[in-house]
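Chains as they are written, first to last, in our numbering: chain C, 2 to 91; chain Z, 217 to 448.
Simulated from the structure, these hints should not be mistaken for laboratory data. Note that the structure is a prediction, hence the values are computed from the model and not measured. Certain hints may be false.
[What the hints assert, rightly or not] Dumping the calculated BS3-like pairs for lysine-lysine here, alpha-carbon to alpha-carbon at most 25 Å:
#1 11(C) - 65(C)
#2 20(C) - 79(C)
#3 333(Z) - 65(C)
#4 419(Z) - 82(C)
#5 356(Z) - 392(Z)
#6 306(Z) - 25(C)
#7 392(Z) - 419(Z)
#8 363(Z) - 392(Z)
#9 392(Z) - 349(Z)
#10 16(C) - 3(C)
#11 306(Z) - 419(Z)
#12 11(C) - 82(C)
#13 79(C) - 65(C)
#14 392(Z) - 3(C)
#15 25(C) - 3(C)
#16 25(C) - 333(Z)
#17 82(C) - 20(C)
#18 20(C) - 356(Z)
#19 3(C) - 20(C)
#20 356(Z) - 84(C)
#21 25(C) - 367(Z)
#22 349(Z) - 363(Z)
#23 16(C) - 65(C)
#24 367(Z) - 20(C)
#25 79(C) - 3(C)
#26 11(C) - 84(C)
#27 367(Z) - 349(Z)
#28 349(Z) - 65(C)
#29 84(C) - 3(C)
#30 16(C) - 84(C)
#31 367(Z) - 356(Z)
#32 349(Z) - 16(C)
#33 392(Z) - 367(Z)
#34 11(C) - 349(Z)
#35 306(Z) - 333(Z)
Chain by chain, the residues run as shown.
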Amino acid sequence: MKDLITLIDKFIIGKINRKEFDDKFNDLYLTEDSNFEEAEENFLSEIHYQLAYVTENPDEIDRKDGFISADEFREWLKDYKQKNIHFWKK
Amino acid sequence: MALAVGNEQEIKQITGQTQQALLANPQALNYYAYAGNNPITKSDPSGKFAPLLIAVGTLAMYAPQITSYAQSLLTPFGQFAVSQSLEDTKQGNYAWGLFGLITAGDLPGGNIKNLNKLETLPLRQHAIEGFSKLAEITGKESQEILKEASKIGEAFIDYGKNNVGNINIYVQRSEKLITRVTTDPEITRIISAGTNKASQLVKWVENNRLVPLNQSVGLNGLIKNISNFLKK
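Can you make the complete structure from the sequences, with help from the hints?
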């Protein structure tokens with residue numbers, strides 16, 4: 002979990018791009034033997050869900066389908082983390 | 217209600233079978249589960265629930281369909297229904313327990329009638345990227361995944377807060393992971409493909425964020441589905 006929080010912070014401050022974040026996040030989150038606590042799982046699953054709806058330069062059809070841009074995702078993630086990270090005490 | 221997706225210990229305790237054995241061979245269901253593995257203190261003196269046992273026996277006569285049924289139990293919705301069924305049995309509601317098990321997974325193909333054209337739909341760029349990743353992980357090409365999704369996938373309307381009611385079709389990949397194919401609400405294009413965790417899908421089904429495509433059939437509808445299923 003600590004690695005994932007570090008990864009999220011790196012993306013929020015712009016140290017890594019969306020593709021790097023996407024690849025690394027899925028490597029750490031979508032594993033057969035992951036053992037997250039319920040609050041952690043809920044927190045991460047929302048990010049994973051939104052991440053599936055991010056694309057570079059979404060056109061009108063993309064928008065209709067629910068896609069947002071990488072910059073919008075960064076803003077969303079920043080806000081989401083601030084509002085939902087309270088369970089994280091480590 | 218307790219959820220026990222893939223809870224091997226609980227399934228074995230109640231049915232006397234391992235999950236794999238139960239799914240691979242539903243005919244071998246331990247009928248003592250009907251009495252919570254305790255036929256001495258729990259019984260069905262009125263015989264009202266006996267027809268359900270006969271229904272299970274009748275289902276066993278339809279081996280090919282049963283194979284599809286067993287596959288449907290491996291889907292998130294099927295697993296959710298199995299968990300509910302086991303919980304009902306534990307609480308002494310044997311009739312509902314059996315009924316839930318019979319109808320688990322909403323019956324194979326029951327909710328994907330309008331998805332058999334998946335292979336013909338155009339892929340958006342995100343879908344191509346998604347399939348490319350899935351190919352690396354699963355070794356399956358997009359056409360193969362779409363074929364699976366159209367035949368054994370479970371279709372849900374996705375009411376996630378950032379979504380617009382897109383259709384998600386899930387195919388169980390392993391005990392914990394699911395392959396997802398997403399179309400737009402009108403099922404005119406495939407907009408993405410990826411992986412999800414089975415545990416999260418069950419939660420989203422439970423809180424109605426994911427709703428089976430042909431939901432709201434109600435009890436009568438389920439009975440009708442069983443009837444139609446047996447006639448096939």
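A quick look at each hint next to the structure:
For the given pair, residue 11(C) sits about 29 Å from residue 65(C) by alpha-carbon distance, which is inconsistent with the 25 Å threshold. With a C-alpha separation of about 17 Å, the suggested pair residue 20(C) and residue 79(C) falls inside the 25 Å cut-off, and the hint holds. Taking the CA atoms of residue 333(Z) and residue 65(C), the gap is about 22 Å. The hint holds against a cut of 25 Å. Our distance criterion of 25 Å between C-alpha atoms is met by residue 419(Z) and residue 82(C), whose separation comes to about 21 Å.
For the suggested pair residue 356(Z) and residue 392(Z), the alpha carbons sit about 18 Å apart, so the restraint of at most 25 Å is met. This hinted pair does not check out: residue 306(Z) and residue 25(C) have alpha carbons roughly 42 Å apart, beyond 25 Å. A C-alpha spacing of about 13 Å is found between residue 392(Z) and residue 419(Z), which places the hinted pair at or below 25 Å, so the restraint holds. With a C-alpha separation of about 21 Å, the suggested pair residue 363(Z) and residue 392(Z) falls inside the 25 Å cut-off, and the hint holds.
Distance hint between residue 392(Z) and residue 349(Z) is fulfilled; the C-alpha atoms sit about 18 Å from each other, no more than 25 Å. Our distance criterion of 25 Å between C-alpha atoms is met by residue 16(C) and residue 3(C), whose separation comes to about 17 Å. This hinted pair checks out: residue 306(Z) and residue 419(Z) have alpha carbons roughly 21 Å apart, not beyond 25 Å. For the hint pairing residue 11(C) with residue 82(C), the CA-to-CA distance comes to about 13 Å; that is within 25 Å, so the pair holds.
Only pairs whose Cα atoms come within 25 Å are accepted, and residue 79(C) paired with residue 65(C) is accepted, the gap being roughly 24 Å. Distance restraint check for residue 392(Z) and residue 3(C): the Cα-Cα separation of roughly 22 Å lies within the 25 Å cut-off, and the hinted pair is therefore satisfied. Of the pairs offered as hints, the one joining residue 25(C) and residue 3(C) holds, with about 13 Å between alpha carbons and a cut-off of 25 Å not exceeded. Of the pairs offered as hints, the one joining residue 25(C) and residue 333(Z) is violated, with about 34 Å between alpha carbons and a cut-off of 25 Å exceeded.
Between the alpha carbons of residue 82(C) and residue 20(C) the distance comes to roughly 19 Å, so the proposed pair stays at or under 25 Å and holds. Restraint check: the Cα-Cα separation between residue 20(C) and residue 356(Z) comes to about 22 Å, which is no more than 25 Å; the hinted pair holds. Pair hint residue 3(C) plus residue 20(C) holds up; C-alpha atoms about 20 Å apart against a cutoff of 25 Å. For the given pair, residue 356(Z) sits about 39 Å from residue 84(C) by alpha-carbon distance, which is inconsistent with the 25 Å threshold.
Distance hint between residue 25(C) and residue 367(Z) is unfulfilled; the C-alpha atoms sit about 32 Å from each other, more than 25 Å. Distance restraint check for residue 349(Z) and residue 363(Z): the Cα-Cα separation of roughly 17 Å lies within the 25 Å cut-off, and the hinted pair is therefore satisfied. Taken as a hint, the residue 16(C) and residue 65(C) pair is broken in the structure, with Cα atoms around 30 Å apart against an allowance of 25 Å. Distance hint between residue 367(Z) and residue 20(C) is unfulfilled; the C-alpha atoms sit about 32 Å from each other, more than 25 Å.
Simply put, residue 79(C) and residue 3(C) have alpha-carbon atoms about 17 Å apart, close enough for the 25 Å limit, and the pair holds. Between residue 11(C) and residue 84(C) the alpha-carbon distance is near 18 Å, which keeps this suggested pair within the 25 Å criterion. Simply put, residue 367(Z) and residue 349(Z) have alpha-carbon atoms about 22 Å apart, close enough for the 25 Å limit, and the pair holds. For the hint linking residue 349(Z) to residue 65(C), the alpha-carbon distance of about 24 Å falls within 25 Å, and the restraint holds.
For the suggested pair residue 84(C) and residue 3(C), the alpha carbons sit about 18 Å apart, so the restraint of at most 25 Å is met. The straight-line distance between the Cα atoms of residue 16(C) and residue 84(C) is roughly 22 Å, inside the 25 Å bound, and the hint therefore holds. Between residue 367(Z) and residue 356(Z) the CA atoms are separated by roughly 16 Å; this keeps the pair inside 25 Å, and the hint holds. With a CA separation close to 24 Å, the supplied pair residue 349(Z) and residue 16(C) stays within the 25 Å bound.
Among the hinted pairs, residue 392(Z) with residue 367(Z) is consistent with the structure: their alpha-carbon atoms are about 21 Å apart, no more than 25 Å. At most 25 Å may separate the alpha-carbon atoms for a hinted pair to count; residue 11(C) and residue 349(Z) meet this at roughly 23 Å. Restraint check for residue 306(Z) and residue 333(Z): not satisfied, since their Cα atoms lie roughly 41 Å apart, outside the 25 Å limit.
Hints 1, 6, 16, 20, 21, 23, 24, 35 from the earlier list are contradicted by this structure; the remaining hints agree with it.
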